[in-house]
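S.K.: Please construct the entire structure, taking both the sequences and the accompanying hints into account.
Quick mapping for you: the protein sequence lines, in order, are chains A, B and C. For the first sequence, this note's numbering begins at 844 and goes up steadily by one. For the second sequence, this note's numbering begins at 220 and goes up steadily by one. For the third sequence, this note's numbering begins at 968 and goes up steadily by one.
Because the hints were derived from the structure by calculation, they are not lab data. Yeah, the Cβ is synthetic: ideal placement off N, Cα and C, and Gly gets one too. Careful: at least some of the hints might be erroneous.
Stated by the list, open to error - Chain B regions said to be covered by chain C (calculated; three or more residues, Cβ under 8 Å):
no.: 1; region: 444-458
no.: 2; region: 604-610
no.: 3; region: 833-840
no.: 4; region: 956-962
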Amino acid sequence: MKTIILQTASNYLLPLLLLFSVFILLRGHYLPGGGFVGGLVASIAFVLHAFANGLDKTRTLLRLHPAYFMPAGLAIALLSGLAPMLSALPFMTALWYPTPAPVVGMIGSPLFFDIGVYLVVTGATLTIIFTISETA
Amino acid sequence: MLAAVLSGFVFAFALRFVGRYLRNGNAVWATALPLGLFVYFASLLPQVGRGEAVTEVWEWAPSFGVALAFRADGLALLFALIITGIGTLIYWYTSNYLKDHPSVDRFFAYLSIFMGAMLGMVLSDDLIALFLFWELTSISSFFLIGFKNEEAASRRAALTALTVTGLGGLLLLAAAVLIGQAAGGEYSLQTIREGGLDLTAHPWYGIILFFVFGAAFTKSAQFPFHFWLPGAMKAPSPVSAYLHSATMVKAGVYLLLRLSPLLGGHDYWHIPLTIVGAFTMVYAGVNLLFRTDLKSILAYSTVAALGVLVMLIGVGTAEAMLAALVFVPAHALYKAPLFLITGILDHSAGSRDVTRLAGLRHVMWPVALAGGLAALSNAGFPLSFGFVGKDLIYEATLHSGSWAYWLTGAAVLTGVTLFYGGFIAGVKPFMGVLPESFKAAHLPPGALWIPPLLAAAAGIFFGLFPGLAGHALIAPALEGLMPGANAHLAVWHGFNTVLLLSGITLAAGAALYYFFKPSSGKEAFVERLEGISPKGIAERISKAAMALFGAFTHTLQNGFLRYYILMILSFTIALIGYGLYTGGPVNVDLSRMTELVGYEIALLGIMLISVLFTVFTQSRLAAVAAMGVTGYALCLLFVFYSAPDLAMTQFTIDTLTVILFVLVLYRLPRYLPISSPGSRLRDGAVALAFGGMITALALAVLNEPMTPEVSAFYAENAYTMAKGKNIVNVILVDFRGADTLVEISVLTIAAIGVYSLLKLKPTND
Amino acid sequence: MEVVLALMTGVLYAAGIFLILRRSFVKLIIGLILLGNGANLLIFLLGRITKGKPPIIPGELKTLADAYADPVPQALILTAIVISFGLQSFAIILMKQAYRILQTDDLDEIRVSEKEEI
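M.R.: In structure tokens, the structure reads:
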């Protein structure tokens, strides 16, 4: 499937889709979206890139093996749950920074939790698909 | 007291880690555990002797009304002292008996668990706790009987014993619950007793008795459940001595004694116990005459002794209770040494066949002395503890009312056979000329012969001074069962019928021993009757049951995935279909439903076609594509019905799934027409029935009013508490964040699974 | 509409189960996916369907005022969709490996090789 049009298109699509996925992730608390959908969109962006340019190119672009995203995401999610325990609150109590930020809205531990979800979903999906295309 | 009960379990657990020290010949130190417990329980004697029970209550499962309530009264203490006293001797003996065995630590662990369970059982005041400890004795005895686990016969015997006693355990649970419920949810035996509840008048009395008898008869090897006990002789000799003569088999007797104040006093209690006990003792007594294996003889004589005890409890007079309470320790003190001596003979002469053993007194006189003393007590010679016990038994049967003559006759007959059995086991191997083949046998180390000699000597000591035992041990126990009864024990009662009966027993027993010689021919004679014995019948029943259930399982678990699914589905359809059928017809209230709109109909039409195409197409690629279309149609449905998050997720996931399939698919073979039209028809029918059931179920649920309390909570609090406006997302990352955390972990595991399946090659590929 | 959707759910279930009962591993997995879709639709339907009112608090409001779609089944289904993706990919890879080693996707023949090992 290495056509010029697709290659060129995907080179522009990848950053756009990634930006879009981050946007979906961040606004998820207020409008449809969130970590799950954002992660899936991000992985589709990479899969598209891999189809157009070959897996190796995507690999070099990513630098890290996508499997590393999973433990990183899990760690962020877990830490965001553990953080309130430092101030003697129960596990997973939401903590919020008092003033809202532009675009994102309120910033707090649930947002970091969602970022963790985003990373895990991206990592898991990409690991599965990359592993299969490598061995297929 | 809790510490005393738990010490056995703790010790067993500790052995898991420090067991190797025991294997290096230090096993004798394990004896400190039962010895310490014995001293502890002996120290309670003065207080209990004054009639004050020692109690201790630990909350355990208060919501079920179950407590670890321990209560050491006279009866419990009598048994506790037997358990720890004989236990001390057994530990000491075993430390040498199994000193070269590679897993001696395992043996001590089982033995300690057993001892702890036994102590817990006799000390428990709570019925449920009593049941639990009772089951623990069954389980630990399973491991002890099957200790030689490399022998098939051992494993079989262990399984038989577990089946029979486990069955009894279930009956005991039923009995315990029924008694507790009859007493209004009170499970403390003492409280029930003090409450003055008359269980004999309760409508459940009969069924309670049935369960209690079932439990006691299986554990204490009463006819027709006795067969597991001779089978359990596959166990090492110390186990036979400890579990199968001194302690565990007496658990049933203990249960009957413990419950007799609550359940006794009614014909339903006394008549079955008397009949079963009397029959068992005569049956087992006659049976032992035909055996040639020493342990087999002793096993049957133990069954006979247990029969005597059950019969005495059945008679239930103060005299009978006194006789039972004396006979329990007397029996333990002579039967345990006889078993231990059998173990010595087995070890050093290499045989347990009475027709071959002879003359061994020349090489091991202390063992012969122990055997002789135990046999004397067993036979009931004057000045032995057995004599005191036997006198009391005859006195009890003589005064047992209308059945006095029958029972006395049966008791004398049993006494004669017990005399014979004891002499065959304790005297015969040591008499006569030493055969050439046993010349190599020699006196074993002291750890083997001192314990049986101690026990046998104690049997004689209490015979000389019965008042000692009577005052300290028997009287408090009897007081608990029969307040105000006279527990005076004496050697000499004067010339009376009882003495005459004793004389007859001794004379007849001596004659039997002198003239009737065990032989393999006689054993072969009873072997032929095995088929109609309870053991043979039970074995045939269990074989037939195994065959039946085996066939049943093979039909259901035939290894074909789709038949499992078919079976589960058919069952579900039948079950839910029945529910829907009895629930009456489903009325669909169309006025409450949303309207049909054209584009939705079109969407559902596309969905239907794609589903049908997926099912019936012969091309795999087409099937996958059609499946993808189904997913996208579902996605549009989510868009129409206010679920944007779902639509986005469904869309992306569907895309990824199709990509996945396509990546893998061209590596796979084409569809083959491998299923027959008949099976397609059958599967189609089941599938349609299930789908129809789901539709009916959905309609039935839709017809019920909805109470959206949970959703309302989230709708109200999403912004005020969680500062989010997309409620679905707020639920996922905030309200139910912990669930999501687990969910992404599952996703990670799936990805790792995929990765390792594909990347990691088996080394022996 | 609900009645038609209930029928559709039944169709999805029936199709999924029919495919699961086939001997081919590929059909089994496709059946599993259809069954998953059916289950999601069932949960969605039983949570009552509402048109054009997503469970998102509009504008400056603090709570949802009037009728809205139930967010709880939506949250349930969202996680179910993602999890089933993990399950499906694992099943697909399992199938692929089984085919590579056994050279068959007939479930009956896979069973035979299992039997020989025991």
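S.K.: A separate judgement is required for each hint: does it hold in the structure or not?
M.R.: Verification of the hints:
1. With 0 residues having a Cβ less than 8 Å from any Cβ of chain C, the region 444-458 of chain B misses the three-residue criterion, and the hint is violated.
2. Evaluation of the coverage hint for the region 604-610 of chain B: breached, as 0 residues show C-beta separations to chain C shorter than 8 Å, against a requirement of three.
3. Against chain C, the region 833-840 of chain B contributes 3 residues with a C-beta closer than 8 Å to a partner C-beta. That satisfies the three-residue criterion, and the hint holds.
4. Check result for the region 956-962 of chain B against chain C: holds, 3 residues qualifying (beta carbon to beta carbon below 8 Å, three or more required).
When the structure is compared with the earlier hints, violations turn up for hints 1, 2 and for no others.
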